[in-house]
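4 protein chains.
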Amino acid sequence: MEELLEQLIDECKIYTKDGELANYIPELTKADPNMLGVYMISSDGKQYSAGDCMHQFTIQSIAKTILLLQALLDKGIEEISSKVGVEATGKPFDAINVSGQKLASKNLNPMVNMGAILMCTLIDGDTYDEKFERVLALTRELAGNPDIQIDEDVYQSEKKYGSKNRALAYLLKSYGMLEDDVEEVLDCYFKSCSISVTCKDLANIGFVLANRGQMPGRKERVIPVKYTRYVNAILMTCGMYDGSGEFALRVGVPAKSGVGGGIMAAVPTKMGIGIYSPTLDEKGNSVAGIRLLERISNQLYLSIF
Amino acid sequence: MEELLEQLIDECKIYTKDGELANYIPELTKADPNMLGVYMISSDGKQYSAGDCMHQFTIQSIAKTILLLQALLDKGIEEISSKVGVEATGKPFDAINVSGQKLASKNLNPMVNMGAILMCTLIDGDTYDEKFERVLALTRELAGNPDIQIDEDVYQSEKKYGSKNRALAYLLKSYGMLEDDVEEVLDCYFKSCSISVTCKDLANIGFVLANRGQMPGRKERVIPVKYTRYVNAILMTCGMYDGSGEFALRVGVPAKSGVGGGIMAAVPTKMGIGIYSPTLDEKGNSVAGIRLLERISNQLYLSIF
Amino acid sequence: MEELLEQLIDECKIYTKDGELANYIPELTKADPNMLGVYMISSDGKQYSAGDCMHQFTIQSIAKTILLLQALLDKGIEEISSKVGVEATGKPFDAINVSGQKLASKNLNPMVNMGAILMCTLIDGDTYDEKFERVLALTRELAGNPDIQIDEDVYQSEKKYGSKNRALAYLLKSYGMLEDDVEEVLDCYFKSCSISVTCKDLANIGFVLANRGQMPGRKERVIPVKYTRYVNAILMTCGMYDGSGEFALRVGVPAKSGVGGGIMAAVPTKMGIGIYSPTLDEKGNSVAGIRLLERISNQLYLSIF
Amino acid sequence: MEELLEQLIDECKIYTKDGELANYIPELTKADPNMLGVYMISSDGKQYSAGDCMHQFTIQSIAKTILLLQALLDKGIEEISSKVGVEATGKPFDAINVSGQKLASKNLNPMVNMGAILMCTLIDGDTYDEKFERVLALTRELAGNPDIQIDEDVYQSEKKYGSKNRALAYLLKSYGMLEDDVEEVLDCYFKSCSISVTCKDLANIGFVLANRGQMPGRKERVIPVKYTRYVNAILMTCGMYDGSGEFALRVGVPAKSGVGGGIMAAVPTKMGIGIYSPTLDEKGNSVAGIRLLERISNQLYLSIF
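Chains as they are written, first to last, in numbering that gives the first Met the number 0: chain A, 0 to 304; chain B, 0 to 304; chain C, 0 to 304; chain D, 0 to 304.
Rather than coming from a laboratory, the hints here were simulated on the basis of the structure.
Cβ atoms here follow ideal geometry from the backbone N, Cα and C, with glycine treated the same way.
It is possible that part of the hints are untrue.
For the chain C half of the interface with chain B, some residues (derived, Cβ under 10 Å), not all of them [to be verified]:
(1) Ala21
(2) Pro25
(3) Lys158
(4) Lys163
(5) Leu167
(6) Leu170
(7) Leu171
(8) Lys172
(9) Tyr174
(10) Leu177
(11) Val181
(12) Tyr300
Straight line, CA to CA, 20 Å or less: simulated SDA-like cross-link-like pairs of lysine to any residue [unchecked claim]:
(13) B:Lys74 to B:Leu121
(14) C:Lys158 to B:Val181
(15) C:Lys282 to B:Leu102
(16) A:Lys225 to B:Leu299
(17) B:Lys158 to C:Asn106
(18) D:Lys101 to A:Ala21
(19) D:Lys158 to A:Ser173
(20) A:Lys158 to D:Asp179
(21) D:Lys158 to D:Gly175
(22) A:Lys163 to D:Gly242
(23) A:Lys163 to D:Glu245
(24) A:Lys159 to D:Asp179
(25) A:Lys101 to C:Lys82
(26) B:Lys101 to C:Ala21
(27) B:Lys163 to C:Asp179
(28) C:Lys163 to B:Lys74
(29) C:Lys225 to D:Glu245
(30) C:Lys82 to D:Glu19
(31) A:Lys159 to D:Val181
(32) A:Lys105 to A:Ser41
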């Protein structure tokens with residue numbers, strides 16, 4: 000298997016040149032554009048890896064998955080469903096989901112920035128520091144890695160250049176959907192996006208989602224099945240931004256990408272996969288990462304369709 | 000199993016009152032709003048049914064699945080992909096997919112009217128009559144039912160009241176995406192939507208999609224795997240109009256609905272399902288039909304997530 | 000004065016090279032791109048002209064002014080106001096004025112195609128031939144020119160290549176705003192746009208609008224004041240498509256342009272002006288025509304602001 | 000004349016009941032909903048007034064006129080025109096002028112919040128306090144009233160509840176159109192909107208715009224003609240939000256409204272008018288104020304069309 004992965008990485012490395020590093024914050028432009036790595040944990044517990052699989056990068060939008068999970072754990076499906084919709088918006092990640100002059104809950108989506116920012120407000124905690132600590136703790140637990148930290152430089156950079164997210168948060172506030180102080184809410188959001196992970200961490204998180212809430216090698220469920228199903232379904236329809244439809248055709252598994260270059264995939268009943276390659280297509284998805292995942296899916300018959 | 004289906008139908012019958020019959024063409028308002036039926040064909044060939052499963056109704060938008068399949072069979076994935084996109088539009092079935100004053104191929108979707116009308120032009124055939132005959136023949140083959148016909152009254156009604164579809168077709172023509180005579184193209188489209196089917200027919204079609212192109216009890220594939228995967232993936236992200244995301248959460252299988260009240264579901268590797276109940280929610284999906292499918296999915300663990 | 004006009008034409012001739020001939024119908028590409036002409040009739044009855052002022056060209060969107068006037072004469076302000084709005088749409092001439100999936104009367108505008116097509120249905124007449132004959136008769140009367148005819152080639156070309164207008168008309172029909180046969184309504188619209196005029200004709204029409212309904216040298220009003228005020232106000236806010244705001248700043252008089260290259264201006268209490276130059280900017284307005292009108296306005300202090 | 004005004008006020012008073020007090024900030028709900036006043040200064044220097052013409056209220060969006068004038072005085076037409084467009088947007092006052100994911104200068108308008116906020120950045124001054132002091136000084140000069148101050152309570156209320164404006168400002172920043180600190184820019188904007196005026200003040204400002212930059216009874220121009228023309232033209236096409244087209248038909252003079260209940264009208268060459276009545280229609284314009292202005296315009300033949 001690792002031989003296969005090495006070979007696929009060799010084949011896909013060329014695609015790293017087809018994308019661009021994220022440049023909306025300066026910090027992300029410092030990544031090495033040639034990197035490509037993968038880590039897989041199959042449901043029988045076996046682990047496979049290749050390439051730059053232990054390189055650290057920021058989780059970025061993949062954190063939307065964790066924020067949604069934590070909000071579901073804290074408030075339940077009914078309340079979350081009353082605050083955000085789950086339909087694909089047909090729009091980019093930072094879309095202004097305002098139709099005419101109306102903003103309706105059902106037009107928000109937890110996989111799009113406005114909805115994800117709202118998730119921060121629904122997580123338990125007396126302060127936004129406490130809320131973030133719970134997000135970080137959940138990330139560590141799902142990844143089975145107590146050493147996970149935020150990347151302080153990326154966090155400061157996000158905070159400094161976060162005008163679009165500030166605009167989105169103030170829009171939520173102006174429509175009465177967000178009560179708390181915008182800067183505090185965004186601080187939690189920016190920190191969550193700045194969590195530093197490896198392909199292995201993402202593979203572990205994907206494993207839990209793929210295996211109905213179970214951790215590798217353990218019996219008890221850390222996440223109830225109803226929540227993993229909820230999250231996997233949203234990942235399938237909306238996890239790759241406005242490239243989700245194409246991704247469903249070509250890869251066919253629930254997955255979430257981040258502009259840090261990561262992709263976390265949850266192959267139901269089969270495996271969790273973490274991928275890293277920092278050059279992005281215009282939709283904000285890792286170019287070589289998607290290509291690699293497509294080949295892995297085809298070779299191992301992973302598509303659920 | 001049939002006992003279970005009968006019981007679920009009893010439980011869901013109440014929901015038929017929560018919807019409205021389609022009223023955009025007079026013919027559809029003549030349906031009996033109390034009907035609810037289901038037909039299932041599992042991959043081992045067993046068949047189960049309950050309720051009004053042999054009632055005939057028009058296939059309506061479920062024909063979009065057949066049109067896409069026929070276009071794929073005739074032109075291949077590459078050409079089809081160059082003519083329509085596959086992203087969820089976040090908009091209703093009859094959306095005008097024009098952004099500003101631009102209309103781009105990638106904004107069309109074969110599960111939304113404009114894209115489906117375009118599929119008619121991509122099907123082989125010297126005339127639009129010939130094209131439609133091929134669509135009808137494929138429907139009969141997939142359904143294993145050589146007696147399938149169009150409902151002449153519905154067809155005439157569609158033709159008479161089809162102003163919105165005429166507008167969409169002329170838009171395609173004005174952007175140079177459709178060369179042929181609009182009325183001829185629409186005639187093929189209206190006829191396809193007017194094909195009369197039963198739950199059993201839909202279950203058979205769903206079976207083929209669920210079983211990688213194989214017919215019940217037969218070995219050879221009538222549809223290549225690459226096309227069933229393509230279609231199933233689009234059904235998952237866009238098959239239930241702008242209710243696809245919610246449907247993925249609650250039911251979790253590729254499916255297509257029609258305003259005639261039908262739902263065709265393809266449960267990968269497991270079964271094909273046909274459902275009928277003609278009262279619709281505001282998105283155009285069968286209210287009781289979705290409820291019934293949700294309960295079946297939960298009882299039989301059909302969700303792929 | 001004519002010396003001044005000759006000089007301004009010399010200065011502005013260079014701008015004819017900055018635009019393109021209308022190409023949405025083949026017939027319009029046959030125009031001579033170098034032409035520039037002007038005709039002015041001041042309220043004391045004096046007439047001045049220069050350049051290609053007697054060249055014939057099709058009236059195109061300037062006909063929207065006549066359609067609105069005839070509809071006002073036939074149905075009155077109250078009924079017209081209930082069928083179309085008067086707000087600038089912020090969109091191009093052929094905009095699809097559908098917000099989300101709704102189409103409201105108030106979003107239509109008689110100076111934008113959808114609203115202008117609707118005007119045809121509000122003009123008195125048993126048939127659409129009769130309606131058009133009334134439009135033609137009004138044009139002849141306002142222009143003081145009984146010889147005005149339609150350009151048959153342009154009319155046939157409009158009819159043949161009118162997919163966008165067909166789409167707009169079928170949209171109106173699908174929303175229940177247009178009852179009659181779309182092709183008949185459009186025939187009246189296409190014929191109206193194909194009326195052949197000269198700068199002198201447009202100057203005469205502008206004169207009537209500028210002088211509260213009076214013809215040059217005559218006392219009686221052919222149009223009631225309330226209707227000329229209504230039309231002039233709409234021309235000011237919407238007459239130059241989505242270039243109306245810029246035109247108000249630079250020229251400052253009510254005016255209407257057509258893609259045939261004509262501009263008809265009504266300078267309240269002062270004069271009517273007709274201009275012709277067929278190369279257009281991207282908004283569909285005559286490039287050299289606007290430049291010439293701007294200089295005339297500045298030299299003669301015509302701006303009403 | 001004053002008798003006429005008293006009579007028209009009596010007639011229009013009833014319309015104060017057809018609107019609602021602005022409620023987006025609590026402070027504005029404290030206004031007396033029954034008030035209606037008017038002040039007129041004709042170009043021969045005569046002054047007429049009736050009703051609650053000396054009541055103080057906040058200038059609100061009428062400040063957009065002053066902000067634009069000051070920006071024009073400081074930077075000139077060319078620079079201002081490169082930063083904002085002048086086309087009607089067809090959208091409400093607080094519209095998000097983002098088309099798709101693009102924000103173009105030409106889509107901004109100085110009479111719509113985003114464009115007006117941008118004007119603050121273009122006014123000379125080392126700090127935003129200095130910029131505001133210049134805005135206040137210009138207001139006092141144009142109004143001929145050195146005692147004009149801001150309403151501190153309204154200002155604090157604006158600042159506290161200004162989420163929508165914060166969102167709009169951060170959007171500008173995220174698109175690179177606004178460099179400075181958002182809170183500082185908004186402080187200038189909120190203060191400008193909180194300037195407290197009377198009908199007389201507005202009539203004086205309108206007088207200057209109507210008389211090509213001259214003050215009542217004085218010869219020198221405080222504003223160059225090119226700027227008063229620029230401002231009057233924008234007021235005509237965009238001054239009454241998305242009710243500008245209707246207002247042009249019914250009243251026919253350049254004017255600007257504010258949600259504080261004021262309307263400032265500039266009747267070219269004839270007079271300046273200030274009106275106050277705080278209950279608003281759904282577009283944010285004073286209901287009774289527009290009715291009163293319409294009757295005055297009809298009685299005195301003020302329409303420029």
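Notebook entry, point to check: Which hints, by number, does the structure contradict?
Noted result: The structure breaks hints 1, 2, 3, 12, 17, 21, 22, 23, 25, 28, 30, 32; every other hint is satisfied.
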